[in-house]
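Engineer: Could you put together the complete structure from these sequences and hints?
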Amino acid sequence: MDTPEIAAQGHAVSRLAPLGVTLVLWEGLARLLAQPAFPPFSAVLSALVTLVAEGRIFGDLISSISALALGFGLAMAVGVTVGALMGAFPQVEEVLGPYLNAGLAAPALIYVPILFTLAGTSRWTQVFTVFLYSVFSIASYTVAGMHGTSRTVTEMARAFGATRRQTLLLVVWPGARPMLMSGLRIAMAMAVKGMINGEMLIASTGLGALVRVYGSRFEIDKVLAILLVIAIVALSSTSGLRLVERRALGDALQP
Amino acid sequence: MISIRGCHYRFRGEGDRAAVPVLDDVNIEVADGEFLCVLGPSGCGKTTLLRLLAGLATPTAGDVLIDGTPVTGPGPDRGMVFQDHALLPWADVLTNVAFGLALRNVPRDEREERARRLLDAVGLSGCASYHPRQLSGGMQQRVGLARALAIEPAILLMDEPFGSLDAQTRRALQEDLMRLHLAERKTVVFVTHSVDEAVRLGDRIVLLSPRPARVEAVFDVPLSRPRPPGLDSLPAFVELKRDLWIRLKSQPRATP
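Chains as they are written, first to last, in the working numbering: chain B, 5 to 259; chain X, 27 to 282.
Among the hints, erroneous ones may be present.
Short, incomplete list of chain B residues facing chain X, as computed with Cβ under 10 Å [as the list claims (entries may be wrong)]:
# : residue
1 : Glu159
2 : Ala161
3 : Leu174
Over 10 Å on every C-beta distance to chain X, these chain B residues come out as not near it, computed from the model [to be verified]:
#  : residue
4  : Arg19
5  : Ala34
6  : Pro44
7  : Phe45
8  : Ala92
9  : Gly107
10 : Met160
11 : Ala166
Partner residues are not named here, just some residues of chain X that face chain B (Cβ under 7 Å, in silico) [as the list claims (entries may be wrong)]:
#  : residue
12 : Leu82
13 : Ala83
14 : Asp103
15 : Ala112
16 : Leu129
17 : Pro133
Think of the hints as simulated: they come from the structure by calculation, not from any bench.
Quick caveat: nothing in here was measured; it's all calculated off a predicted structure.
Note that CB positions come from ideal geometry on N, CA and C, so glycine has one too.
Structural biologist: This is the structure we're talking about:
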């Protein structure tokens, strides 16, 4: 039997192995092709080091992350509330359902110019872009989670004398949480996309704006360096969510 | 004392589908402390009968009375055990057992203490922190039983609770249930489609006809409690089982 420690190490190795292989292939292939549009990993890494050393990236990073946090926080508050109301009250779902589906299907990029005319280049344009990219999926996962309660379980609650309120709070809502949490993780990925897309289109600050600037100068190594930063932001925000998830899953029912 | 008097029940038809009669003039009396088995072919309306007793459905006509008072809804005097256990999948065993108490705002300490006592009673002392999916089917059903007993009901309503278990597990649960019944003398209404189970457990057996269900016959089980050793080869046991089998087999097939 493996000790947990060895198993964990093995786990880490098997997780990092594909990354290592990819990087080696990237480096080798890029050197072989010698295309300016496809810089080797080492060039990207040194571009990243330069960006960090110059210190320019930090202002944009903070600008992006704060827009992400604010926009996603708002989306969570609105999305979960609206989704929970739709899940709890069929009348609400009937009224709002079509809008939710339309919002899910609509490419959120469309909103960016509209937001720009409303909020200009202020940070609120970015915040609401992030919001609109993620709020619909948060709401729809919340609804789906609440509809996921099996009929036998709600019938059981009724047989034990649960009021409708108790059924919602003690049975349906806790049962919806796993689905809600995976919805939040997916929505977080969309929020990161929204953040970059919005910035690339209009903003003068933020990682997306940097991508636009370097892209227009064909400094592909720097573009990819920023992509690395974006990937790190995305990964750490999802693991941040997971942390919140573990904290938040205390139980109202737990005796 | 449970009285089911002249009960009719029909599923409401939808659109151009006609209403389906499920119960047709059912009359049953259950004495306090009695273990009554309701036996009938699949889909005959046994579960519906139990739902009427639980207050989850209202008869189309007729009365369901408990101690002379009509049943108007679920109540703490009745605990129900479900066919597919109906445990909360996200909650641990202790929380599941304490569910009915949590609904009644019983303080946390008391809830926990009572739930633990019942887990002991159903033989699951060490499983309080497990989640339902970590348990076998038999253990899940034990949790369901403990949950029903936790609210200290006078009446236990059991809807084919052991139907999906393997023979050995089923036998173990039947024996534990009989032990608990003997100790607490609760009134039990136990729905089953198994002749063997009905004779093994019941003081009396009500045989229902195929849908729409009527009471076709009532049998007294001439066996002492606790059941004598060597039950399986006792003539009284074997003969009653055979009689019930013949009655069941001679029933017309249920209308689909």
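Engineer: Next step is simple, just say for each hint if it's right about the structure.
Structural biologist: Do the hints match the structure? See the list:
1. Glu159: holds, 7 Å
2. Ala161: holds, 8 Å
3. Leu174: Hint holds; Leu174(B) Cβ to chain X Cβ min 7 Å, cut 10 Å.
4. Arg19: The claim stands: Arg19(B) keeps its Cβ more than 10 Å from every Cβ of chain X (closest is about 26 Å).
5. Ala34: holds, 48 Å
6. Pro44: At about 48 Å from chain X, Pro44(B) clears the 10 Å cut-off, so the statement holds.
7. Phe45: holds, 43 Å
8. Ala92: Its Cβ never comes within 10 Å of chain X, the nearest being 18 Å, so this holds.
9. Gly107: It holds; Gly107(B) is separated from chain X by about 29 Å at its closest Cβ, greater than 10 Å.
10. Met160: violated, 4 Å
11. Ala166: violated, 5 Å
12. Leu82: Interface hint status for Leu82(X): holds (6 Å vs cutoff 7 Å).
13. Ala83: violated, 10 Å
14. Asp103: The hint is violated - Asp103(X) has no Cβ within 7 Å of chain B, the shortest such distance being about 10 Å.
15. Ala112: This hint holds: Ala112(X) lies near chain B, its Cβ roughly 4 Å from the closest one there, short of 7 Å.
16. Leu129: Where the cut-off is 7 Å and the nearest Cβ of chain B is about 5 Å from Leu129(X), the hint holds.
17. Pro133: Result: violated, 9 Å to nearest chain B Cβ.
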